[in-house]
Every structure is written in structure tokens, then in C-alpha cells.
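Taking the hints into account, I'd like the entire structure generated from these sequences.
Sequence order for the protein chains is A and B. Going by this note's numbering, the letters in the first sequence line up with residues 1 to 222, in that order. Going by this note's numbering, the letters in the second sequence line up with residues 1 to 431, in that order.
Worth flagging that the hints you see were computed from the coordinates, not collected in a lab. From the three backbone atoms N, C-alpha and C, an ideal C-beta is built for every residue, glycine too. Worth double-checking, as some hints may not be accurate.
Computed from the model, here is a short list of chain B residues facing chain A with C-beta under 10 Å [as the list claims (entries may be wrong)]:
id, residue
1, Met1
2, Gly8
3, Leu10
4, Ala343
5, Ala346
6, Asp348
7, Pro350
Residue-level listing of the chains:
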Amino acid sequence: MSLLEVKNISKIYGSLKALDNVSLKVEKGDWLAIMGPSGSGKSTMMNIIGAMDKPTLGQVILDGKDISKESSKSLTQIRRDKIGLIFQQFHLVNYLTALENVMVAQYYHSIPDEKEAMEALERVGLADRAKHLPAQLSGGEQQRVCIARALINYPEIILADEPTGNLDEANENMVIDIFRQLHKDGSTLIVVTHDPEVAEVAQKTIVLEHGKVAREVINNEK
Amino acid sequence: MFFRMVKGALFRQRGKMLMIAFTIALGASLATAMLNVMLDVGDKVNQELKAYGANIRVVPQGRAVISQMYDVEGEENAQSQYLAENELGNIKTIFWAFNIVDFAPFLDTQCTLNSEKENIKVTGTWFTHHLSLPTGEELDAGMVSLRSWWEIDGTWIDDNKDPNVKEAMVGADIARKYGLKPGDTLKLSCGKKAENVNIKAVFSSDGEEDSVIYVPLALAQMLSDKKGLVSSIDVSALTTPDNELAKKAAQKGPSSLSKSDYETWYCTAYSSSICYQIQEVITNSVASQVRQVTESEGSILEKTQLLMLLITILSLIGSALGISNLVTASVMERSKEIGLLKAIGANDGPISGLILTEIIITSIFGGIIGYFVGLGFAQIIGHTVFNSAIDIKPMVIPIVAVLVVTVTLVGSLPAVKMLLGLRPTEVLHGR
Chain A
1 MSLLEVKNIS KIYGSLKALD NVSLKVEKGD WLAIMGPSGS GKSTMMNIIG AMDKPTLGQV
61 ILDGKDISKE SSKSLTQIRR DKIGLIFQQF HLVNYLTALE NVMVAQYYHS IPDEKEAMEA
121 LERVGLADRA KHLPAQLSGG EQQRVCIARA LINYPEIILA DEPTGNLDEA NENMVIDIFR
181 QLHKDGSTLI VVTHDPEVAE VAQKTIVLEH GKVAREVINN EK
Chain B
1 MFFRMVKGAL FRQRGKMLMI AFTIALGASL ATAMLNVMLD VGDKVNQELK AYGANIRVVP
61 QGRAVISQMY DVEGEENAQS QYLAENELGN IKTIFWAFNI VDFAPFLDTQ CTLNSEKENI
121 KVTGTWFTHH LSLPTGEELD AGMVSLRSWW EIDGTWIDDN KDPNVKEAMV GADIARKYGL
181 KPGDTLKLSC GKKAENVNIK AVFSSDGEED SVIYVPLALA QMLSDKKGLV SSIDVSALTT
241 PDNELAKKAA QKGPSSLSKS DYETWYCTAY SSSICYQIQE VITNSVASQV RQVTESEGSI
301 LEKTQLLMLL ITILSLIGSA LGISNLVTAS VMERSKEIGL LKAIGANDGP ISGLILTEII
361 ITSIFGGIIG YFVGLGFAQI IGHTVFNSAI DIKPMVIPIV AVLVVTVTLV GSLPAVKMLL
421 GLRPTEVLHG R
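Written out as C-alpha cells, the structure reads:
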């Protein structure tokens, strides 16, 4: 059984089909990249996979459960328990330190554990910046805090939306290295990106165009 | 973690939170000032009105009967009964003792001046009489404050140090008629007794009193040979405007009231209940309202209080709208943060709890500052309008507290409700 199976999903906004009959499968430990130009539907895809939105048609089966018809309360629980989200804009709480931003995810998941949160920051190389507020961190550092927050609850899937979109090359490489390590450790990664360099480090890339899967590329075979 | 988040929000967003607290403080100060002034305006206006004379007159029972039967003031031969001077202090021992602002006894007699034949009304009274009550209370009662509107040429008689002082205050009409002025000596002959007195002042009251000579009570008692007696008492009391209950008690008597109505009536400062209580402590007395004064006082007081109430309500609505708008705007600014918390798995309850806790703490902080600033505003109003301090009413504290928390919560709820309805994708990705 696949960890995530998307079956013929469509997302329709009025007369616009953001996604049109898309299907894909993600196995545990996979590293999938979703690529496409602006307006291709990749963010819509991410929202649906990330349990932040529901498809108009089709099914999304996560860990054996169809989440396409779940209530928003149930989707909140699914996000909390199974998904770690990484955003292009980082979205850190500006009045909490790096450490507290990681602990927030623990707090809403179970019980905050400062030691464990500090270890998560150590994994992304930010132990020495734990007491800093987001405004005192660089973009790359903020993104790494965001990654630490996504990892803290050991999610089934780490879902990253344009994780390097706001970063310079050095920070981009740093983030990609963290993803490599996570993949090596057995994490399942889905990365939505428009950057071919980020996409090609994944095992497989799905290219979306006009809401449809235009092609699939197995990067290991390249 | 919850308190770490609250602390972070409060201390690391100081500027924003202080702005909310400042707005709440402004609203709370306005509410505090207006409520304190409104609750005290009754007493203040009442005291202002008391400057225009007594509103209760106490006479002996016999005199009251003559007066009621023939609608005339009892004359000398009708004054078969008098009130005892030594019971006057009892007036300050009734249930509503604190509402008794001032009082003065009167003893009327007829005398001739110098070698003239015409009888003149001479009234003995207290001017600034010092009383030491059995309750331990000390007070000065008398005409000085009870007739504060008199225009005086000369100075008030000081009967405080020496109650037997041989001085007189002459009404303007008599002074004009007999060519009297302050400093002159006057011979008062009343029946078999006569006494030379110094004219301390000539007063003008623009009323019937201008044809009266006022002397210390002890002197009048000596001249009329009525030691220890008085013929009437004027009392100035702070009263509550009459309602249906008070009118019923006044018309049909307190015995017509049910037990609970009687208790309510007795424990409310209606003119009629104060009169009733005075009758209880002054033997063989009848206390009645000086109706015109009492009624117009009640009417003025009611209108003033209504006006203050309306101003207070309008001020509170204004404050509420200001607080509500700022809180709404502040909560709306946090849509991304709330979207993020929802995205990482926070439910509506904890998010609402977090925001409302922050806002309530801010509002309590602002409310406390506003309360004390409001007390200052109230005193400024008091000194500007009434030339005296406004009494601080403890009951304003819970009212302002409830008001601030309610207004803040009500102001936040629509914004919180809207934010909870937001989907994370709307705020995080703009869709």
C-alpha cells in the first residue's frame, strides 16, 4: 500500500480547472518533486496533499485513509499528525524565538519538549541561534527553523512549497543537503518547486502543465 | 508553552499591545470619570440646591393642627406647645443622619424697638451653634449655611463661643424704616423683659424675613421667658426624588404600606421618610416638606441625572466603538499567524484562547491605568463644575471592569470568528 495515493483529482474554481484529473503515488521514503510553471497547479496540488484543501473531484488516500471528504477539523488533525509543512515564506511566528517556533508545533501536537526542539535545531545547524527572534535571522536561517519545525513531530510526509524560492545559492545548497540527509534517514519528501536544480535531486519529478501531469521523470535514471 | 506564547506576544509586540492598552485606558478613563460624576452628581446638585434653604420644617403638633385646620400660621396664643431645644441634636441620630446637611431652631416673639410702639417680630435662632452629639459627632448648625444667600451688611453673629451674646441681625426693611445700621445699639422690649443689643449686621433676604430681627436663641428664650423651648426647626436634608411609593406613604401614611414597602421606604432618603424619622426623635413634633422646594429639587435632580446618564451612555458607546475597532484591526493583522497555527495543526479552541487571553490581559492592564486616570478626570470635572471633589464610588470598579472586558471581548469576537473561518491556504498562499 502506498503512503500517499492521489486518484484522478480535479480542483475547479468557477470555470477554472486548477487541477484536471491528476493521479500519483508516493511510497514511504520516496523523494518526489512537483515542478511546473506559474499557474500550472502545483501549489493547489500541495494544498490538497498537505490536507489544507480538498479536491473538487477524486480521492486522496493518505496512509490508507481517504482524506478528500474529511471535515476541516479532521484535516487539522491529519496535518498535525502526519504532515510537516515547509513554506517558501517561512511563516515563523515573529514574536517567538527560533526554539519557541519549533516548540509551537510540539505544543499543538502533543507536549512541548525544549530539549528535543533544541536537537531539531541542531540537526539544521541552528543551535546557536535558538534564542533569536525571526527578525534577527537571515532568510536561510529562517527556512532552516521552518524545516526544524516541520521535522519535530516525526511526520509521515514532509511537504515543502518552493523551499528555496527566497534563498541565495549557498542557503539553497544548505537546504538541499538537509533534504538529502532526511531522505537518507528514511523521511518521505514532496517538494514543490519551479527550480530544475532542486527538482533533479529528488528521485522522481512530476511536471504539471495547465493542471495536468505533462510528464514524469525518474531522476535516478537520468 | 501557552504562557510562553502569551508572554512573547505581550512583551515582544510591546508597541502594538501598548497601543491597544492605551485605547482601552482612554475608554476606561472616560467610563470611570463619567460614572463617578454621574453617581455623585445627585449629591453635588443636591448640595448646591441646599444653598437655597431648608426643605423640611418641624413644628409642634398643636401648632401644626391649627395650621392645617385654618390654613394659617399659628399665632402666639395658638402656640400651646413647643419643641424642646435639648432634643435638637437627635435630628443627627436618625437613620438618614448623614443626609441632614444643616438645621436651625426658631423661637418667635414680639418686641418693640427703643421707644417705638409698634410690635416687631424677633426670632431667636442658632447662627453657628456647635453641637457635641451623643454619637461622638461634632457639628456646627445654624443660619450661616442655612441662609447662605442673604446679603449681609456687617458680619454674622458668632454664637458659637458665647451663646448668650447680646447681638442682633436686623432685616433690611426694619433697618430702613427705623434708620438702623451695623454697630448701633438697640433696646428690645418684650413684655416685662428688655435687653440692649448691638446690631451686628443688616441683612437682605428679598423676602418676609426682611421684617424680622434675628437674635441668638438664648436671648429670645430669655426675652420671651421660654427657656429651653423652640417654636420650629428648619432642616436642610439631601433627599431622593419622590416616586409612587413615597407619594403613597406621604398621602396615606406609612401604616398603609406593606412590610417590605415600609422597609424600602424607610431606608430610602425620601423627604417623607426623613420627616417621619425626625418625628420619631423630636417629641410632639410634626415634620413636613417645604413642598415647592422639595419638588423642584427633585425635578432638577432627576433631569440632571438623566442628562448625565445619557452623556455617560454616549461616552461609553464611543469608547466601546473605539476599543472594538482597534481590537478588530489588531486581530485581523494576525491572520497569517493564525493561518500558520492552523496549518501546523492548531484547533480553533486553542487559537481563540490564545488571542482572547492576550487581549484580556492587555485590556486589564489598560483598564487599571484608565481607572486611575479616570479618577483624575472626575476630580477635574468636580473642581471645575462644583468646586469640590467628586466622591470615589467603589461600585464603579466592577462596572468598569465588566465593561472593559465585555467591550474588548465583544470587539474581538467578530474578528476572531472570521479568522477561525479562514482556511490556512487563504492566508498562507493567498487563495
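The hints, checked one at a time:
Against a cut-off of 10 Å between C-beta atoms, the interface hint on methionine 1/B holds, since the closest Cβ of chain A lies about 4 Å away. Checking glycine 8/B against chain A by beta carbon gives a least distance of about 4 Å; that is within 10 Å, so the hint holds. With a cut of 10 Å, the hint placing leucine 10/B at the interface with chain A holds, because the nearest CB-to-CB distance is about 9 Å. Because the closest C-beta pair between alanine 343/B and chain A is about 6 Å apart, less than 10 Å, the hint holds.
Hint status for alanine 346/B relative to chain A: holds, with the closest Cβ pair at about 4 Å, below 10 Å. For aspartate 348/B, the suggested interface contact is upheld, since its CB lies about 8 Å from the closest CB of chain A, less than 10 Å. For proline 350/B, the shortest C-beta to C-beta distance to chain A is roughly 7 Å, which falls under 10 Å, so the interface hint holds.
The earlier numbered hints are all upheld by this structure, with none contradicted.
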